[in-house]
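Protein chains in written order, with the working numbering: chain B, 135 to 414; chain S, 135 to 414; chain D, 135 to 414; chain Y, 135 to 414.
Fair warning: there could be bad hints in the mix.
Claimed, not checked - Listed below are the simulated DSS-like cross-link pairs for lysine-lysine, each with C-alpha atoms no more than 30 Å apart in a straight line: (1) S/K401 with Y/K401; (2) B/K401 with D/K357; (3) Y/K401 with B/K328; (4) Y/K401 with Y/K328; (5) D/K328 with Y/K401; (6) Y/K401 with D/K238; (7) B/K357 with S/K328; (8) Y/K401 with D/K401; (9) D/K401 with Y/K238; (10) S/K357 with S/K212; (11) D/K328 with B/K401; (12) S/K328 with S/K401; (13) B/K212 with S/K238; (14) Y/K357 with D/K328; (15) D/K357 with Y/K328; (16) Y/K328 with S/K328; (17) D/K357 with S/K238; (18) B/K238 with S/K328; (19) B/K328 with Y/K328; (20) S/K179 with B/K401; (21) D/K401 with B/K328; (22) B/K328 with S/K238.
Claimed, not checked - One-sided and incomplete, this derived list gives chain D residues near chain S with beta-carbon spacing under 10 Å: (23) E310; (24) G312; (25) L322; (26) I325; (27) S358; (28) D359.
What the hints assert, rightly or not - Here are some chain B residues pointing at chain Y (derived, C-beta under 7 Å): (29) Y146; (30) Q147; (31) V181; (32) N282; (33) N286; (34) L302; (35) E310; (36) G312; (37) M321.
If you are wondering where the hints come from, they were derived from the structure by calculation, not from laboratory data.
Yeah, the Cβ is synthetic: ideal placement off N, Cα and C, and Gly gets one too.
Protein chains: 4
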Amino acid sequence: MLTPFSSLVSRYQAIFFDAYGVLKNARGVLQGVPELLTWLTQQGKDVYVITNDASRSPTQMAAAYVHPEHGVLIPESKIISSGLLAKDFLRSKVRSGNVAYLGKPSSAFFIESASLTPVHIGACNNGDDLAAIALLDDEGFDWFRDLNMMLNLMRRVSVPVIVANPDLVYPVNEQEVGLAVGSLATMLERIVGKSFVRFGKPDTMMFSHAFACAHANAPDLRKSDVLMVGDTLETDILGANTFGLDTALVLSGNTRPDQAALSIQAKGIIPTYLCESVFT
Amino acid sequence: MLTPFSSLVSRYQAIFFDAYGVLKNARGVLQGVPELLTWLTQQGKDVYVITNDASRSPTQMAAAYVHPEHGVLIPESKIISSGLLAKDFLRSKVRSGNVAYLGKPSSAFFIESASLTPVHIGACNNGDDLAAIALLDDEGFDWFRDLNMMLNLMRRVSVPVIVANPDLVYPVNEQEVGLAVGSLATMLERIVGKSFVRFGKPDTMMFSHAFACAHANAPDLRKSDVLMVGDTLETDILGANTFGLDTALVLSGNTRPDQAALSIQAKGIIPTYLCESVFT
Amino acid sequence: MLTPFSSLVSRYQAIFFDAYGVLKNARGVLQGVPELLTWLTQQGKDVYVITNDASRSPTQMAAAYVHPEHGVLIPESKIISSGLLAKDFLRSKVRSGNVAYLGKPSSAFFIESASLTPVHIGACNNGDDLAAIALLDDEGFDWFRDLNMMLNLMRRVSVPVIVANPDLVYPVNEQEVGLAVGSLATMLERIVGKSFVRFGKPDTMMFSHAFACAHANAPDLRKSDVLMVGDTLETDILGANTFGLDTALVLSGNTRPDQAALSIQAKGIIPTYLCESVFT
Amino acid sequence: MLTPFSSLVSRYQAIFFDAYGVLKNARGVLQGVPELLTWLTQQGKDVYVITNDASRSPTQMAAAYVHPEHGVLIPESKIISSGLLAKDFLRSKVRSGNVAYLGKPSSAFFIESASLTPVHIGACNNGDDLAAIALLDDEGFDWFRDLNMMLNLMRRVSVPVIVANPDLVYPVNEQEVGLAVGSLATMLERIVGKSFVRFGKPDTMMFSHAFACAHANAPDLRKSDVLMVGDTLETDILGANTFGLDTALVLSGNTRPDQAALSIQAKGIIPTYLCESVFT
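Assemble the whole structure, with the sequences as input and the hints as a guide.
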């Protein structure tokens, strides 16, 4: 039932990778990834990273994929993150003003680069004139104090709330997961009873964006020439299935090998292939 | 607080319209729409219809927008429906076989044109070898008998279930709404505990598609040059806001004038403009 | 892992049975049930039926449990139905007036016996002065026409909506289930965005009521002397667990033998015993 | 539309009070409460507190209602808390072993008094043999570290999870609310996909318990002789309405005066009376 990932490569012209659970975990890029990306490039494959992540800038994300000899393996322009979509929204829809945010200081990049002013939730004052609220990352704040402050802020002001990563959990290591900002967002959204604006898989916008880039490089490219590789059924596989791509579920992250068949059956989200990891 | 719709037109190069509640209701195209579309074309605006609808073919949809003198007002290619996305999915991901469906015979167009074989739920047999299930429309079947048959079918077979219109309700007239197929889908999805594949607003895929078409016609077009006009906060406005377009909520359909301000405040979905209708 | 039901009986003084999937199915009382109830009575067990059902009166419900020789096997007073709770609510909280309802004419018993006037949804007029709305049963009306009428009625009037059976499905035979009124209620509740008043398991009120009756018969009775026997984890077992009773899940109804272990694990609702049926 | 609370008292023999938002807030018992309780006792009313609270023992709860002259105003036996229901469940259904918990050390009372061993989540080891998990209070632990530990614990072990307070928020002061343990429970439950066992309003078990006590004191007492006074529509009012009691919504806690009419209309939960506070 498991297909070796390497046997799939020749069937596709472009490959879209999720980052966490596929190429990275909480400790960094997995061993073997630089060699894999080098090999794919040598095979002429167009490679993109499509990641629900607003914790750091594209420059910082790209810096993770560096080979000691071959240098940068994936250029910034091919790392499509949910943070970038959030930035585009802030720039085109909010335009100016203060944005209260949850996340690390490096998350604030997405607010600053949209020419708005980030205000860490812990530094928010009643008098602040806010243009939006952004939930960016699960780290960089005091959960007890700052989630309570965020809840009361959301009850007090009426501005768009954006969620730059809808994931509920992320893989920390082979055994453990961490609560992602999407879980905190869902909790707050339910209490305040409003609709937040979510960016990231399974919405198809990042797939559209990456496909448009790949298509610009290869005008004959069809959706059937692209493979999405991810570790999470509800985001990577559901979103790419909806967009019309072939999909490979790898068992190195959120979906554990002993539960994959059951999860696919129970959820009804069906990947084209099942692979142990990208290294097989 | 209400903006005349006609005063907005000069600010945009392309206009995306929702159909039901904006240009049509259950009785057909609203009086004045042919003149409006003629005028917009004369102004050089690029006009698209973006509609959560899988009840009839694009040809049939386009036939509604005809002017006695000027003929076809919106070509088929500019009517982007959720049914078309469902068709693309069936063609690229399912490819061949039988598809059990809920809907009118005219809905089956989207299955047939993907080169699959539609099987009306009422004609499904246990022995049918199904490749997918499609929930297309709320009419054309016996609700009691066929929703029960559909539920048991979904429990028995493990194939992708697609929902070609996620809307919960649609406006029937000024006072009343009807239960749309999205409500029936949500009821069934909850019971069987699986994830259905949904096509249509608020997912951004139809906006991407229409924007790509408009952009091909006018390479300088930016998202800020496009206005989405809709009657439903959770689909039209949320989806277009997420995609980065300006939005006008009209009060001629699902959102009633006496509840608009309250709904916007309660749901936190904020349109750029509020208009009484497209005729003001 | 399966325990013979007969081996459990000696450990308990009172036994509470769910009806559908345990003692009955859609075709009536299961073969062997009259003998089982006769035997339990001979053993001195106090027997109750606790059922999410508002489709017929207690007299009609009791008439199902009759032995050709021994006559009535469970007196009306020991059949605790969610319909009875709904009746009590209507009598104590609504008191008088018209009640629009979904269900068979025999469901209207619960409205009439609370001294209110039942009005079938299909016979409702705009001018009706309604005191409440009651969702009683999934049969006795035209689903397409009357669910749409009910939705528009709920949008128009502001009165309590009661759901006299929260079950999502009921077992029709060994293979198939039917959509229960609880599924229809959940669909409507989500659309209109209000909180309906639900009667029935897993709420503990019926268990309280039956326990109080059993306790009146045997003042020394403790909760640990009572066994609840049901076929549905989310209602029978969760509710009785919460109330503090021991629980036996039988595999003759909503929970199928090949899925029991998995469902228990997945849902985290843990019965004290697993039994094939009440006849083992 | 507002009824003076004092004018209601003569119509009822027993009065059930919610605690937070009615008699107390985060700073303690409200000024005037000792006098109110003294007066009610002098009028011969049977008074109970029915509270979703597992943060401290009944003794500690009762100690809050003391009058400098008249001493204890509500005996422990008339303070019915969700913590007590959780304790009964642990004693009757879990019986022995370790229980990992979220909450302050004083919450552990409900585990200890059921003769089980509380283990603070921060002190849990992989090797612990757990019999249950209990979510008791929102304080007494490090949210970031311990909610992540709790999530991973829930994924690893398969034991009942009890929630001893289903409230989503609690009033901190006139303007602000705090995230209650029910919000954290709902977030975790959604991620792990299991059904937790919830104790507290709107489930009717605490109303049953208090009514049985009041009925033992006054054998003629009917449900219509009891008034439930609360500040929260979804718990106090919905639960007591379901149980069949008259209800008074006070506007001194979770429901703010400027939103009461709207909330009642929007949610469809209808109290018998609206009162500014218990002091009017």
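Hints, verified against the model:
For the suggested pair S/K401 and Y/K401, the alpha carbons sit about 14 Å apart, so the restraint of at most 30 Å is met. Distance check on the hinted pair: B/K401 and D/K357 sit about 38 Å apart at the alpha-carbon level, beyond 30 Å; violated. At roughly 15 Å between alpha-carbon atoms, Y/K401 and B/K328 fall within 30 Å of each other, so this suggested pair holds. Distance hint between Y/K401 and Y/K328 is fulfilled; the C-alpha atoms sit about 27 Å from each other, no more than 30 Å.
This hinted pair checks out: D/K328 and Y/K401 have alpha carbons roughly 4 Å apart, not beyond 30 Å. Simply put, Y/K401 and D/K238 have alpha-carbon atoms about 28 Å apart, close enough for the 30 Å limit, and the pair holds. The hinted pair formed by B/K357 and S/K328 meets the criterion: a straight-line CA distance of about 25 Å does not exceed 30 Å. Proposed proximity of Y/K401 and D/K401 is supported: the alpha carbons are some 29 Å apart, at most 30 Å.
As the CA atoms of D/K401 and Y/K238 are separated by approximately 28 Å, the hinted pair is consistent with the 30 Å bound. Between S/K357 and S/K212, the direct Cα distance comes to roughly 17 Å. Compliance with the 30 Å bound is thereby established for this hinted pair. Restraint check for D/K328 and B/K401: the C-alpha separation of about 28 Å stays at or below 30 Å, so the hint holds. Pair hint S/K328 plus S/K401 holds up; C-alpha atoms about 27 Å apart against a cutoff of 30 Å.
This hinted pair does not check out: B/K212 and S/K238 have alpha carbons roughly 44 Å apart, beyond 30 Å. Taking the CA atoms of Y/K357 and D/K328, the gap is near 25 Å; set against the 30 Å cutoff, the hint holds. The straight-line distance between the Cα atoms of D/K357 and Y/K328 is roughly 25 Å, inside the 30 Å bound, and the hint therefore holds. Distance check on the hinted pair: Y/K328 and S/K328 sit about 15 Å apart at the alpha-carbon level, within 30 Å; holds.
Under the criterion of a C-alpha separation no larger than 30 Å, the hint pairing D/K357 with S/K238 is inconsistent with the structure, at around 55 Å. Restraint check: the Cα-Cα separation between B/K238 and S/K328 comes to about 35 Å, which exceeds 30 Å; the hinted pair is violated. A hinted pair counts as satisfied when its Cα atoms are at most 30 Å apart, and B/K328 with Y/K328 qualifies at roughly 25 Å. Between S/K179 and B/K401 the alpha-carbon distance is near 44 Å, which puts this suggested pair outside the 30 Å criterion.
Annotation: proposed proximity of D/K401 to B/K328 holds, straight-line Cα distance about 28 Å (limit 30 Å). In summary, the hint linking B/K328 to S/K238 is not supported, as the alpha carbons are separated by about 35 Å, beyond the 30 Å threshold. The beta carbon of D/E310 is positioned within 10 Å of a beta carbon in chain S (closest approach about 5 Å), and the interface hint is therefore held. About 6 Å separates the beta-carbon of D/G312 from the nearest beta-carbon of chain S, less than 10 Å, and the hint is met.
Proximity of D/L322 to chain S holds as hinted, the smallest CB-CB distance being about 9 Å (cut-off 10 Å). For the restraint placing D/I325 at the interface with chain S, the shortest Cβ-Cβ distance is roughly 5 Å, inside the 10 Å limit, so the hint holds. A distance limit of 10 Å between C-beta atoms decides the matter here; for D/S358 the minimum to chain S is near 33 Å, and the interface restraint is violated. The beta carbon of D/D359 comes no nearer than 35 Å to any beta carbon in chain S, farther than 10 Å, and the hint placing it at the interface is violated.
Here the hint on B/Y146 is broken, as its CB sits about 33 Å from the closest CB of chain Y, past 7 Å. With a least beta-carbon distance of about 37 Å to chain Y, the hint placing B/Q147 at the interface is violated under the 7 Å criterion. Of the supplied interface hints, the one on B/V181 is violated, with its beta-carbon coming no nearer than about 31 Å to a beta-carbon of chain Y, more than 7 Å. Of the supplied interface hints, the one on B/N282 holds, with its beta-carbon coming within about 6 Å of a beta-carbon of chain Y, less than 7 Å.
Evaluation of the B/N286 hint against chain Y yields a held restraint, the C-beta minimum of about 5 Å falling below 7 Å. Hint on B/L302 holds. Least Cβ distance to chain Y is approximately 5 Å, under the 7 Å limit. At its closest, the beta carbon of B/E310 sits 5 Å from a beta carbon of chain Y; the interface hint therefore holds under the 7 Å criterion. Checking B/G312 against chain Y by beta carbon gives a least distance of about 6 Å; that is within 7 Å, so the hint holds.
For the restraint placing B/M321 at the interface with chain Y, the shortest Cβ-Cβ distance is roughly 4 Å, inside the 7 Å limit, so the hint holds.
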